[in-house]
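**Student:** Let the hints inform the model, and build the full structure from the sequences given.
Note that the sequence shown covers residues 4 to 618 in the working numbering.
Quick caveat, the hints were computed from the structure, so don't treat them as lab data. Hints should not be assumed to be uniformly reliable.
Below, computed lysine-lysine pairings styled on DSS-like, alpha-carbon distance capped at 25 Å [claimed, not checked]:
{"hint": "1", "residue 1": "K516", "residue 2": "K548"}
{"hint": "2", "residue 1": "K249", "residue 2": "K53"}
{"hint": "3", "residue 1": "K516", "residue 2": "K481"}
{"hint": "4", "residue 1": "K38", "residue 2": "K227"}
{"hint": "5", "residue 1": "K53", "residue 2": "K385"}
{"hint": "6", "residue 1": "K513", "residue 2": "K481"}
{"hint": "7", "residue 1": "K38", "residue 2": "K249"}
{"hint": "8", "residue 1": "K518", "residue 2": "K548"}
{"hint": "9", "residue 1": "K518", "residue 2": "K481"}
{"hint": "10", "residue 1": "K249", "residue 2": "K227"}
{"hint": "11", "residue 1": "K580", "residue 2": "K548"}
{"hint": "12", "residue 1": "K548", "residue 2": "K513"}
{"hint": "13", "residue 1": "K38", "residue 2": "K53"}
{"hint": "14", "residue 1": "K222", "residue 2": "K249"}
{"hint": "15", "residue 1": "K249", "residue 2": "K385"}
{"hint": "16", "residue 1": "K222", "residue 2": "K38"}
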Amino acid sequence: MGIADVSASRVVLIGVGAFENQALADLPSVPAGAKALQEALTDPGVWGVKPDCCVMVPGDAEVRQALGAVRSAAQQATDLLLIYYSGHGLTNTRGDLLLALHGTVPDEQETALPYDYLREVVIASQAARKVVVLDCCFSGRALVGWMRGTGGTDGIAAHAVIDDSTYLLTSSAETKLSLAPVGEAYTAFTGELIGVLTRGIPGAGDLLTTDDLYRGIYKALNAKSRPTPQQRTRNDGSAITIARNKAATRITQPKPDDDQTKVWAQRSAELGDTTAMLSLAYYLAGSGNLPEAETWWRRAADGGDALGMNNFGYLLEQRGELAEAEASYRRSADNGNALGMNNLGYLLEQRGELVEAEAWYRRAADNGSTLAMNNLGVLFEKREDLPEAEIWWRRAADNANTLGMHNLGRLLARRGDLQEAETWLRRAADGGESATMFILGSILQMRGDVAEAETWLRRAADNGSALGMNNLGVLLMKRGDLPEAETLFRRAADNGNAHGLFNLGVLFAKRRKPKQAEAWFRRAVDAGHTDALFNLGLLLQQRRKLAEAEVWFRRAADQGNSDAMDHLGVLLMKRRKLAESETWLRRAADNGSTDAMTVLARHFEQRDEQHEAEA
Numbered sequence: 004m005g006i007a008d009v010s011a012s013r014v015v016l017i018g019v020g021a022f023e024n025q026a027l028a029d030l031p032s033v034p035a036g037a038k039a040l041q042e043a044l045t046d047p048g049v050w051g052v053k054p055d056c057c058v059m060v061p062g063d064a065e066v067r068q069a070l071g072a073v074r075s076a077a078q079q080a081t082d083l084l085l086i087y088y089s090g091h092g093l094t095n096t097r098g099d100l101l102l103a104l105h106g107t108v109p110d111e112q113e114t115a116l117p118y119d120y121l122r123e124v125v126i127a128s129q130a131a132r133k134v135v136v137l138d139c140c141f142s143g144r145a146l147v148g149w150m151r152g153t154g155g156t157d158g159i160a161a162h163a164v165i166d167d168s169t170y171l172l173t174s175s176a177e178t179k180l181s182l183a184p185v186g187e188a189y190t191a192f193t194g195e196l197i198g199v200l201t202r203g204i205p206g207a208g209d210l211l212t213t214d215d216l217y218r219g220i221y222k223a224l225n226a227k228s229r230p231t232p233q234q235r236t237r238n239d240g241s242a243i244t245i246a247r248n249k250a251a252t253r254i255t256q257p258k259p260d261d262d263q264t265k266v267w268a269q270r271s272a273e274l275g276d277t278t279a280m281l282s283l284a285y286y287l288a289g290s291g292n293l294p295e296a297e298t299w300w301r302r303a304a305d306g307g308d309a310l311g312m313n314n315f316g317y318l319l320e321q322r323g324e325l326a327e328a329e330a331s332y333r334r335s336a337d338n339g340n341a342l343g344m345n346n347l348g349y350l351l352e353q354r355g356e357l358v359e360a361e362a363w364y365r366r367a368a369d370n371g372s373t374l375a376m377n378n379l380g381v382l383f384e385k386r387e388d389l390p391e392a393e394i395w396w397r398r399a400a401d402n403a404n405t406l407g408m409h410n411l412g413r414l415l416a417r418r419g420d421l422q423e424a425e426t427w428l429r430r431a432a433d434g435g436e437s438a439t440m441f442i443l444g445s446i447l448q449m450r451g452d453v454a455e456a457e458t459w460l461r462r463a464a465d466n467g468s469a470l471g472m473n474n475l476g477v478l479l480m481k482r483g484d485l486p487e488a489e490t491l492f493r494r495a496a497d498n499g500n501a502h503g504l505f506n507l508g509v510l511f512a513k514r515r516k517p518k519q520a521e522a523w524f525r526r527a528v529d530a531g532h533t534d535a536l537f538n539l540g541l542l543l544q545q546r547r548k549l550a551e552a553e554v555w556f557r558r559a560a561d562q563g564n565s566d567a568m569d570h571l572g573v574l575l576m577k578r579r580k581l582a583e584s585e586t587w588l589r590r591a592a593d594n595g596s597t598d599a600m601t602v603l604a605r606h607f608e609q610r611d612e613q614h615e616a617e618a
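**Tutor:** Quick look at the structure:
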């Protein structure tokens, strides 16, 4: 998944640090943090979203103004919608999360912004990717009642998923306070978020995903014994990318193998050997001496070395000096360096200049850059031109690029070409990518290759994939290993996976513990899992709570669940609400329900017999 399109994305930042009511202490670090976050997100070296697409809500805004800004952004965004709130988090008597604004009075909930209002606006957006970040006390309460799901199920069945693009990140758990340390410029959570964005994460890829952000923030806060963040994800939400990793590298050159070779490189570099300059610069950069490394990359570039021009350009890009970086990349590209061509294309793509970016990617690909081949595939996927994306991912994969293999396998799996998808995913998974391991394991699981599916799903779960944890749990539950399945579902749920919550309900239903099952299904419903609506109705129907079961069947049926339509129709028929019963049974039958067809046929037969008797 490529970085979000800066012109098709929208950001709304709500940082409330001053309050009229004396019961709410002022938080001077909040607006400072929101401003710094805005600067980071609009920095082309981090993401580069257009300033007019990154709105800061006034600190004295009331509910209508704040929600209006979110609604406007939600209507405009077609790629990424990012909403950030920082301030006081409050709760009402029902335990709902309220976001305090400048004029909020704690006992008058209509003066605060209910999180549920914000959530509904975000859910209604047509943006392809949605991220909400909350930095406030009790923000973990937002994890209850977040995302909406789709799909159907036969009875109470476990959910294994292949593809899951919505993400929620909170500064604390639902019963925990967040921290605004005295004397620090920013709140504890936002300070670490800004740090991860502006410094990067060593060892991560070129792009930072939402999961990378979560792990980076968690690690930093946990090391300081401060409240740790929570996350919830759906539809590839943990793979959403909104930042370039400033600690990553897109540079290539030989490096000294030992100190003796370093001495040789130093001497040769001082005599004007540009290859030695590159080798020495790489050694110095690896040792943490970036200023001196920059000196040698600059000298190599000034000496006419195209690779030196590329590497010097990359260093400038990471510092946010994008005009200078572009100039250096152009020199490198004009001198025939494929990596310079690719990096110039990448820089232009992030700036929204897609036509020229494509041209440079094509030149780089023609000169053998497999990175450019993969990037062309990503570019065409964004344009929804999947045939062209496939062409470029195949070229990248055929030339041993693991990202190309992953993306090609993902595309093939999505359209049902599972056999070829498996071939490419195996090759990519061997490179250690947890997302690839998960997809491969899921394909094998569906095909019935349980032993090998388990191997790959375990590797995915061990590498932090919540989807891998869930699907491995499904596999184990099917073979009767309920204790380990429960452990995995709980791990998935703790990592924000709604399927984990749902499957805990399934597991407790199998154990004939309806109260525990009901509790987990209710949490899954709050997390947006629509199939849990039907399962709740089924549980309540089994316990003869028919009125309440009808409520849940209706909610599930309204979401398109055919089983719920069928059960609702039968329930209404037993209560002699024949017209409405027939309506729901017809809808279920139209969706392929043979049970509904059978009930309707019997109903019409009985009605005809009754009419004949009356005649």
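**Student:** Evaluate each hint against the coordinates.
**Tutor:** Structure-based check of all given hints:
1. A distance of roughly 16 Å separates the Cα atoms of K516 and K548; the hinted pair therefore holds under the 25 Å criterion.
2. Straight-line distance between C-alpha atoms of K249 and K53 comes to about 19 Å, which keeps the hinted pair within the 25 Å bound.
3. Distance check on the hinted pair: K516 and K481 sit about 18 Å apart at the alpha-carbon level, within 25 Å; holds.
4. As the CA atoms of K38 and K227 are separated by approximately 24 Å, the hinted pair is consistent with the 25 Å bound.
5. Taking the CA atoms of K53 and K385, the gap is near 18 Å; set against the 25 Å cutoff, the hint holds.
6. Simply put, K513 and K481 have alpha-carbon atoms about 11 Å apart, close enough for the 25 Å limit, and the pair holds.
7. Between K38 and K249, the direct Cα distance comes to roughly 20 Å. Compliance with the 25 Å bound is thereby established for this hinted pair.
8. The straight-line distance between the Cα atoms of K518 and K548 is roughly 13 Å, inside the 25 Å bound, and the hint therefore holds.
9. Of the pairs offered as hints, the one joining K518 and K481 holds, with about 22 Å between alpha carbons and a cut-off of 25 Å not exceeded.
10. As the CA atoms of K249 and K227 are separated by approximately 23 Å, the hinted pair is consistent with the 25 Å bound.
11. In summary, the hint linking K580 to K548 is supported, as the alpha carbons are separated by about 18 Å, within the 25 Å threshold.
12. Distance check on the hinted pair: K548 and K513 sit about 19 Å apart at the alpha-carbon level, within 25 Å; holds.
13. With a C-alpha separation of about 15 Å, the suggested pairing of K38 with K53 holds against the 25 Å cut-off.
14. With a C-alpha separation of about 18 Å, the suggested pairing of K222 with K249 holds against the 25 Å cut-off.
15. For the suggested pair K249 and K385, the alpha carbons sit about 24 Å apart, so the restraint of at most 25 Å is met.
16. For the suggested pair K222 and K38, the alpha carbons sit about 24 Å apart, so the restraint of at most 25 Å is met.
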